[in-house]
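Note that the protein sequences, when read in sequence, are chains V and Z.
Adding 2 to a residue's 1-based position in the first sequence gives its number in our numbering.
Adding 31 to a residue's 1-based position in the second sequence gives its number in our numbering.
No wet-lab data here; the hints were simulated from the structure.
Any given hint could turn out to be false.
Okay, the calculated beta carbon distance ranges per label pair [to be verified]:
hint, chain 1, residue 1, chain 2, residue 2, range
1, V, Ile62, Z, Gln113, 29 to 39 angstroms
2, Z, Asp85, V, Thr99, 33 to 43 angstroms
3, V, Ser75, Z, Ala47, 26 to 36 angstroms
4, V, Glu5, Z, Ser115, 20 to 30 angstroms
5, V, Pro4, Z, Ile43, 34 to 44 angstroms
6, V, Lys80, Z, Ser49, 19 to 29 angstroms
7, V, Leu86, Z, Ile99, 36 to 46 angstroms
8, Z, His38, V, Val14, 47 to 57 angstroms
9, Z, Glu51, V, Gln66, 35 to 45 angstroms
Listed below are the simulated DSBU-like cross-link pairs for lysine-lysine, each with C-alpha atoms no more than 35 angstroms apart in a straight line [to be verified]:
hint, chain 1, residue 1, chain 2, residue 2
10, Z, Lys100, Z, Lys137
11, V, Lys44, V, Lys59
12, Z, Lys102, Z, Lys80
13, V, Lys59, Z, Lys137
14, V, Lys80, Z, Lys102
15, Z, Lys137, V, Lys44
16, Z, Lys80, Z, Lys137
17, V, Lys44, Z, Lys102
18, Z, Lys102, V, Lys85
19, Z, Lys100, V, Lys80
20, Z, Lys100, Z, Lys89
21, Z, Lys100, Z, Lys80
22, V, Lys85, V, Lys59
23, V, Lys44, Z, Lys80
24, Z, Lys137, Z, Lys92
25, V, Lys80, V, Lys44
26, V, Lys44, Z, Lys92
27, Z, Lys102, Z, Lys89
28, Z, Lys92, V, Lys59
29, Z, Lys80, V, Lys59
30, V, Lys59, Z, Lys100
31, V, Lys85, Z, Lys92
32, Z, Lys89, V, Lys59
33, Z, Lys102, Z, Lys137
34, Z, Lys92, Z, Lys102
35, Z, Lys89, V, Lys44
36, Z, Lys89, V, Lys80
37, Z, Lys137, Z, Lys89
Covered stretches of chain Z, going by a simulated chain V footprint (3 or more residues, C-beta under 8 angstroms) [to be verified]:
hint, segment
38, 69-76
39, 85-91
Just so you know, these numbers come straight off a predicted model, no measurement behind them.
Here a beta-carbon is modelled for each residue, glycine too, at the ideal position from N, C-alpha and C.
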Amino acid sequence: EPEVTQTPSHQVTQMGQEVILRCVPISNHLYFYWYRQILGQKVEFLVSFYNNEISEKSEIFDDQFSVERPDGSNFTLKIRSTKLEDSAMYFCASRGTGANYGYTFGSGTRLTVV
Amino acid sequence: AQSVSQHNHHVILSEAASLELGCNYSYGGTVNLFWYVQYPGQHLQLLLKYFSGDPLVKGIKGFEAEFIKSKFSFNLRKPSVQWSDTAEYFCAVTPPSGNTPLVFGKGTRLSVIA
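In isolation and in its complexed conformation, chain V is listed as follows (with noise of 0.2 angstroms):
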């Protein structure tokens, strides 16, 4: 079955520093999403994606953050002076059309700011 990767499954950084969040959603989706789960706390929906630009963004999605799909294959989250408050699980989705219809996360990424 087709899946959702995301690289890396951890990453440590300090707090102010840039970090790149990497994922590769399924080949033939369309549509791609961020979402982050803060330790103990909901699933939380940050950013999508499609036809090359943002589609929406909540309001956590501020000008800290950034998306881009640079390759065609990759899609990218970028936090460019992390806080501790951005230590989370950050998921990446993708979502399939029609017939394919249908949401698939990542494994995740676990980001620790200290």
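With chain V fixed as given, assemble chain Z onto it according to the hints.
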């Protein structure tokens, strides 16, 4: 705005007990409904989904859910739980069209004891 309510924060059951986890949503239109499971330290996995048709949906691992439109509910059930069902369970909802992202409930932690 959509919201998803999961009534139980933490449920503790003995093995072989029956399970029902509540989920209600607030959205007036036609929706797609999902239940995801997150085993300790792992990513979100789809248990089952409802798009249309028979309101009783069967998923993996013996789980099922019933969509009751008049009650805006999509409760998850399992007749006999096992220790391996210990996990966090998330209900999620999205409209069927466009790119509106999944909205998750806060999750219900299920602990199954021997």
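Status of each hint after checking the structure:
no. : hint                                     : in the structure
1   : V:Ile62 <-> Z:Gln113: 29 to 39 angstroms : 36 angstroms, holds
2   : Z:Asp85 <-> V:Thr99: 33 to 43 angstroms  : 23 angstroms, violated
3   : V:Ser75 <-> Z:Ala47: 26 to 36 angstroms  : 46 angstroms, violated
4   : V:Glu5 <-> Z:Ser115: 20 to 30 angstroms  : 22 angstroms, holds
5   : V:Pro4 <-> Z:Ile43: 34 to 44 angstroms   : 36 angstroms, holds
6   : V:Lys80 <-> Z:Ser49: 19 to 29 angstroms  : 46 angstroms, violated
7   : V:Leu86 <-> Z:Ile99: 36 to 46 angstroms  : 43 angstroms, holds
8   : Z:His38 <-> V:Val14: 47 to 57 angstroms  : 36 angstroms, violated
9   : Z:Glu51 <-> V:Gln66: 35 to 45 angstroms  : 41 angstroms, holds
10  : Z:Lys100 <-> Z:Lys137                    : 21 angstroms, holds
11  : V:Lys44 <-> V:Lys59                      : 17 angstroms, holds
12  : Z:Lys102 <-> Z:Lys80                     : 18 angstroms, holds
13  : V:Lys59 <-> Z:Lys137                     : 19 angstroms, holds
14  : V:Lys80 <-> Z:Lys102                     : 41 angstroms, violated
15  : Z:Lys137 <-> V:Lys44                     : 5 angstroms, holds
16  : Z:Lys80 <-> Z:Lys137                     : 18 angstroms, holds
17  : V:Lys44 <-> Z:Lys102                     : 23 angstroms, holds
18  : Z:Lys102 <-> V:Lys85                     : 42 angstroms, violated
19  : Z:Lys100 <-> V:Lys80                     : 40 angstroms, violated
20  : Z:Lys100 <-> Z:Lys89                     : 17 angstroms, holds
21  : Z:Lys100 <-> Z:Lys80                     : 15 angstroms, holds
22  : V:Lys85 <-> V:Lys59                      : 19 angstroms, holds
23  : V:Lys44 <-> Z:Lys80                      : 19 angstroms, holds
24  : Z:Lys137 <-> Z:Lys92                     : 22 angstroms, holds
25  : V:Lys80 <-> V:Lys44                      : 21 angstroms, holds
26  : V:Lys44 <-> Z:Lys92                      : 23 angstroms, holds
27  : Z:Lys102 <-> Z:Lys89                     : 20 angstroms, holds
28  : Z:Lys92 <-> V:Lys59                      : 34 angstroms, holds
29  : Z:Lys80 <-> V:Lys59                      : 24 angstroms, holds
30  : V:Lys59 <-> Z:Lys100                     : 29 angstroms, holds
31  : V:Lys85 <-> Z:Lys92                      : 39 angstroms, violated
32  : Z:Lys89 <-> V:Lys59                      : 33 angstroms, holds
33  : Z:Lys102 <-> Z:Lys137                    : 19 angstroms, holds
34  : Z:Lys92 <-> Z:Lys102                     : 26 angstroms, holds
35  : Z:Lys89 <-> V:Lys44                      : 25 angstroms, holds
36  : Z:Lys89 <-> V:Lys80                      : 38 angstroms, violated
37  : Z:Lys137 <-> Z:Lys89                     : 23 angstroms, holds
38  : 69-76                                    : holds (count 4)
39  : 85-91                                    : violated (count 0)
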